[in-house]
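Visitor: Which chain is which? The protein sequence lines are A and B, in order.
Numbering of the first sequence is given in this note's numbering, commencing with residue 3 and proceeding in unit increments.
Numbering of the second sequence is given in this note's numbering, commencing with residue 479 and proceeding in unit increments.
Careful, some of the hints might be misleading.
Pairwise CB distance ranges, derived in the manner of DEER restraints [as the list claims (entries may be wrong)]: (1) B:K521 <-> A:W12: 32 to 40 Å; (2) A:S96 <-> B:G545: 41 to 49 Å; (3) A:F215 <-> B:P535: 35 to 43 Å; (4) A:T118 <-> B:E581: 47 to 55 Å; (5) A:T118 <-> B:N667: 45 to 53 Å; (6) A:A107 <-> B:S795: 52 to 60 Å; (7) A:F215 <-> B:R903: 26 to 34 Å; (8) A:L276 <-> B:K529: 52 to 60 Å; (9) B:K615 <-> A:A144: 53 to 61 Å; (10) B:K559 <-> A:F73: 32 to 40 Å; (11) B:P604 <-> A:T110: 34 to 42 Å; (12) B:P604 <-> A:D229: 22 to 30 Å; (13) B:K889 <-> A:D229: 50 to 58 Å; (14) B:K889 <-> A:I113: 17 to 25 Å.
Covered by chain A, per the in silico footprint, the following chain B stretches (three or more residues, Cβ under 8 Å) [claimed, not checked]: (15) 589–595; (16) 736–744; (17) 768–778; (18) 877–887.
In silico contact screen, one side only, chain B against chain A (beta carbon under 10 Å); selected entries [as the list claims (entries may be wrong)]: (19) D506; (20) R551; (21) V552; (22) L555; (23) V660; (24) K661; (25) G679; (26) Q699; (27) G726; (28) M732; (29) T747; (30) A890; (31) T892; (32) R904.
Just so you know, the hints here were simulated from the structure itself, not pulled from any lab data.
All C-beta atoms in this analysis are idealised placements derived from N, C-alpha and C, irrespective of residue type, glycine included.
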Amino acid sequence: MINRLNLKAWLLLLPALSLLIAFTHWPTLKSFWRSFTWARSDVAPSQFVGLDNYRIMLDDPVFWKVIENNFWYALGTVPTSIGLAIMMALWVNSKIRCTSLLRLAFFTPTILPMITVANIWLFFYSPNIGLFNQLLGLVGIAGPNWLGDPDLALSSLMVMTIWKEAGFFMIFYLAALQTLSPELFDAAKLEGANAWRIFRKITFPLLMPTTLFVLINALLNAFKLVDHLFILTKGGPNNASNLLLYYIYETAFSFLDSYYAATLTVVMLLTLALIALVQILVIDRRIHYR
Amino acid sequence: MKTLTKCLTTVGVVSILGFSSAASAGTDLTMYYPVAVGGSLTKIVDGIVDKFEAQNPDINVNAIYAGNYNDARVKALAALKSGEPAQLSVLFSIDIHELRNLEAIVAFDDIVSTDAEREWLNSFYPALMENGKADGKTWGVPFQRSTIVMYYNKDMFRAAGLDPEKPPTTWEEFTSMGKKLVKKDNNGNVQQWGAMIPSTGYPYWMFGALTKQNSEVLMNQAGTETYFDKPGVIDALEYWQDLGNKHGVMPKGMIEWGTLRQNFLDQKTAIMWHSTGNLTTVKNKASFDFGVAKLPGNKELGSPTGGGNFYIFKKSSPEEKQAALKLVKFMTSPEQAAHWSKSTGYMGVGPGAYETETLKAYLKTFPPAAVARDQLTHATAELSTHDAGRVRKFLDDAIQSALTSQETAKKALTDAQKQAKSILRRYK
């Protein structure tokens, strides 16, 4: 009986499992293996080269640059968009007029595809004809070259990313807020707690499961989402806004070097796995689940 | 919407055809092609392909728009790798060495059989063949080819007291006229720039023009050596830097390739250097009187050629190769080349195109369309080496770091040369 049950379970899992193995696990293993091999071109037979690709990687200044950029990019986008998301969620959850319109407004950037958004923002950021510099021009400030200045390019990408992501995270917080029991807040008010105290002692702790979920997603996105680079900067000027995944793309499809691309991919996978692991193991323990 | 529906229908029809190809007679060809300058070029390609199919009912052509040059190469190579059919493609002319290293393409010399066909292979402008030849054979046939030309706003020339029929022809004139064309408001903020040379997208291409004007080239024909650190090359990059930093003719820092045309159309700059592929769009959209001229020179005039060539893929049957050759011959024939040139601004690929009634009449009403061709006498090949993606990026990064004042031109180019050299060593 148990065997038949087991078999049935496996059969039910089979479709999902085979897709996962074919498109996730097998390519991962293959990339891992590939990162230890090299060939002159894609048609030549590859040979085992040990850690050679990794040694080249450690000597590659662009690799270090994209790692550094990715670090700042994550640091710059993740906390801000989560903070904004919470604020927006609290606002549209309160009893004000036109909440649905407001919710829609906040959610709009999420609905738009990244490429579309990037194409619009390309013209926002454009130094002479762009919206931002024209607005600045009205008050007599000569705006900077947002995407063309190596000191500003990455920050400009971050601003757009925050604008795009915050609305998405807001939806999760909004859903979470609506499940919170109103009695808690009534009780707190009876005790004379002010709004900030209520938020700090009740709302925020109760939102922690959502925050963990959003945090993992936001951090992963900081590594996974590079669509806008294709349109806005192509990683330039001089790699000032290059990110790891875009560099992997460049290596694989512009340099046609699938071996080095595999090496970089392994680094990326390990980084992401590590981030998820730390979050789940460390932060998870401090979270109050009901 | 209509195009989308058409595309989807085509994809649907083609996949059905693909499944039943054993049953259907005739030859199916799949061709990828890129569009680098925007505009409605896909419709024009579709139109030419439709004409070809009408003339050759036994050949079905599935022309797939595949993004920019990079995307098109990625898609075509991915298709080849996965065993999907693709018999020919329009790809970046400078991909030749890599496509050969991947053993993806065949030489046209090995496919043509008749004398007429050999003559056809010799009917193109020699400057356009430079990026298509290697090891004494022709691997790429020119199709959507361009040079960089100088678009300038005649109204602004008049307003600045310059002769609108005398655009700058030397670097000195370019600098001095550029300075006169800059307009500032009372706060000293620039309202209108003298000139813009784009430094994103394809910086190495623009740089190829400046180096040629300084009588230098960036690489050898075999694509195994680069000359990034020659004094003349460094000098050219310093001039580019000076235009922004010293002379104030251009904005400092990067100038975006993608939005430059809009800057010109919005009259934010009096001059832009851009691909001739923009010509027809500029003509249709400019609300002011504009002119097109050869790029100014220093030691000589010069511009690299650019754009896409036809390649025929190795992984195809002899019948398919012949059908592909037929298609390439049709699309590069004088009549089609003339039609293509008129609709886009890309140049007619051979002298024959300019002898057709279409282009003759067009040039009479719109002389700027001849500038790209006239410039061919001064043209050089576009940067094309083995491991081209990497080598190109070394140069792009060097140019950008110099233009954003992170490095001196000399240091940036010397480093790029060192990096390129260590990579290219393997191909000698």
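Visitor: Now tell me, hint by hint, if it's right for this structure.
Guide: Verification of the hints:
no., hint, verdict
1, B:K521 <-> A:W12: 32 to 40 Å, "violated (52 Å)"
2, A:S96 <-> B:G545: 41 to 49 Å, "holds (45 Å)"
3, A:F215 <-> B:P535: 35 to 43 Å, "violated (59 Å)"
4, A:T118 <-> B:E581: 47 to 55 Å, "violated (38 Å)"
5, A:T118 <-> B:N667: 45 to 53 Å, "violated (31 Å)"
6, A:A107 <-> B:S795: 52 to 60 Å, "holds (57 Å)"
7, A:F215 <-> B:R903: 26 to 34 Å, "violated (50 Å)"
8, A:L276 <-> B:K529: 52 to 60 Å, "holds (58 Å)"
9, B:K615 <-> A:A144: 53 to 61 Å, "holds (54 Å)"
10, B:K559 <-> A:F73: 32 to 40 Å, "holds (34 Å)"
11, B:P604 <-> A:T110: 34 to 42 Å, "violated (54 Å)"
12, B:P604 <-> A:D229: 22 to 30 Å, "violated (41 Å)"
13, B:K889 <-> A:D229: 50 to 58 Å, "violated (34 Å)"
14, B:K889 <-> A:I113: 17 to 25 Å, "violated (46 Å)"
15, 589–595, "violated (count 0)"
16, 736–744, "holds (count 5)"
17, 768–778, "violated (count 0)"
18, 877–887, "holds (count 5)"
19, D506, "violated (25 Å)"
20, R551, "holds (8 Å)"
21, V552, "holds (5 Å)"
22, L555, "holds (8 Å)"
23, V660, "violated (12 Å)"
24, K661, "violated (12 Å)"
25, G679, "holds (7 Å)"
26, Q699, "violated (20 Å)"
27, G726, "violated (13 Å)"
28, M732, "holds (3 Å)"
29, T747, "holds (7 Å)"
30, A890, "holds (8 Å)"
31, T892, "violated (15 Å)"
32, R904, "holds (7 Å)"
Taken one by one, the earlier hints fail for this structure at numbers 1, 3, 4, 5, 7, 11, 12, 13, 14, 15, 17, 19, 23, 24, 26, 27, 31, listed in ascending order.
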